[in-house]
Amino acid sequence: MDTRTPPRFDPTRVPHLLGSFAPVTEEVDVAELEVTGEIPAALDGLYLRNGPNPRFTPIGSYLYPIDGDGMLHGVWLSEGRARYRNRFVRTPALEAEERAGRALWGGLESMIVPDAQQVGPELAGTFRDLPDINVVRHGNRVLALAESACPYRVGGGLETLGREDFGGALPAGITAHPKIDPVTGEMVVFCYALEPPYLTWSVIGRDGGVTRGPTPVDGVDEPMMVHDMALTGRYAVLVLAPAFFDLPAAMAGGSFLAWRPERGTRLVLIPRDGGPPRWAHDEAFWLWHTVNAYDDGPGEDAPVVLDFVQWSRLTVGAGPGTGEPVTGGLARARIDPVAGSMTRALLDEARVEFPRIDDRLIGRRHRHVALATSTGRTELLPGEYDAVRFHDVRTGAAQVWDAGDLSVGEPVFAPEPGTDSDGRGYWLTFATDRTDGASWFLVVPAEDPGSGPVARARIPVRVPLGLHGSWLPADGT
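Under my numbering, the letters of the sequence shown match residues 1 to 477, in that order.
Read the hints as simulated data drawn from the structure, not as lab findings.
Think of the CB as a built atom: it goes at the ideal place given N, C-alpha and C, for glycine as much as any other residue.
Treat the hints with care, as some may be off.
To be verified - Pair ranges (Cβ atoms, derived):
1. 100 x 156: 29 to 35 angstroms
2. 462 x 297: 44 to 50 angstroms
3. 118 x 218: 30 to 36 angstroms
4. 252 x 219: 26 to 32 angstroms
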C-alpha cells in the first residue's frame, strides 16, 4: 500500500466530478417543497436514493461509480405534500477526513491510504468504506450498501447508526444488490472477495437474522467482480462475466480490473435449498444490472428466464478497450439447468440502464420494466440519461418520456396502495436540469408513463446524479 505523496491528479478534469455529477457538501432540510401538479395523496412514505458524493476534493484518482462517499437524498411524501433531507453516510474514514479538513484516502485506482500519524492505528493502512451505491430496507433496518463490504445502518432521520455485520454472522459484508423475496420475506445476498472464498452467498430472514451464513460457490477459483444478482423461487442467479481483479497490475500503476473476453461469461444457478450449483457458459458479455428472473415452469429442471441490461464489454476500470464501440440493450437469457446452456436475445436495442420493476414481482413473472435511456439528441456522460423508457416485455411495446434538458436517474416503482398490478402506481426519480443545475423530484403515472410527470417537486438545492434507491412505504410493507 502506498502512503507517499499523492501523484499528480487534477479533479477539475474528471467529468464525473463536474456538471450534474458535481458533489455537494451541505446537508440540508427543507420542510415543504414547492410542487407543480399534484402529488397523489395515496403516496405515503419515503423515496430514498444513494450515490457517490466525495466530502472533500478527491486525491490520487476518482473512478465513477465506485469511488466517493455515500450521500442519501430523501423525499418524504404524505397527504400530497413533500419534504426533503440529505445526509452523508458517516463512515470512520469520512469523519477522519472531516477532522483533517481534506481528503486522506485516494481513489481505488491510486491505492493511497493514510498512515497512523494521520488517522491513528485503527484506520492506518486500510481502505475506506464506500457505502455509496444502493439503499434498501429489510428486517426493520435501512441499509446503505457498498460494492462488496459491510453496509451501514441508517436511522429514520437518515442519521448513520454504524456498520452492520448482522450480529457478526456476515463479517465480510454483502454486495450492493441483494434481492428480497416478496413471498418468503428472505433477503438473499452475495459477496465477492480478493481472497478465497472468492464468492459466497447467504440468506437473511424476514426478521433480519441470518439463516444461512456465507456459503462458498463451488467453481469460482479467482477474484471476480459481480455487481448484481437475480432471484427466482428456486435459485439465486449470478452472472460471472470475465472481469478479473488484477492486484499486481494495480500495484504497478495499471488497471485493477482485467477484461478477458476469451474466458467467456458464465452463469450460475444456486439452488436456494443448498443443492449443488448449476452452470451455463456463453460468449463474453457484461452486465451491471439485472431486471428480474423467474422459473419458467414447475420442477427443478424447468428453464430459468433472466432479463438484464447487456453490454458487449466492461469499460469501467478495465484499462484500454479494443476501440470497438460498446453496444448493449435490454436482453433476455433462457437457461437450461439440465443441459447447462443458455440462449440470449435482445428485447430492446435502445441505450438503457438502471432497470427496475415492481419489487413485489421479484422472482416471479413481470411485465413492465422502467429504464433510464438516452434520446441521442445531446452528448451525455456514461451514467447520464435524458429520458425514461417503459418496456412491456409481454408485447414488446415501449413508451418513452423525453425529459428535455433534465438528466434523469433510476426510476423506482411505488405501487398504488390496495392494488397488486405493476400497472397501477407511480415511477419516482430525481432529475437535474443541465442548463441551470435545478433539481426536481418527479412522479410519473404507471398507467400512462409516456405522458410524463403528474407532479414535480422543486428541490431548492442541487441533487447530483446518483445511483440506486428505494420506495419505503410508511406502513413498512
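Right, here's what the structure says about each hint:
1. A beta carbon spacing of about 30 angstroms between residue 100 and residue 156 agrees with the range 29 to 35 angstroms that was offered as a hint.
2. A beta carbon spacing of about 49 angstroms between residue 462 and residue 297 agrees with the range 44 to 50 angstroms that was offered as a hint.
3. Roughly 42 angstroms separates the CB atoms of residue 118 and residue 218, a value that falls outside the hinted 30 to 36 angstroms.
4. In this structure the supplied range 26 to 32 angstroms holds for residue 252 paired with residue 219, their Cβ-Cβ distance being about 29 angstroms.
When each numbered hint is compared with the structure, a violation occurs for hint 3 only.
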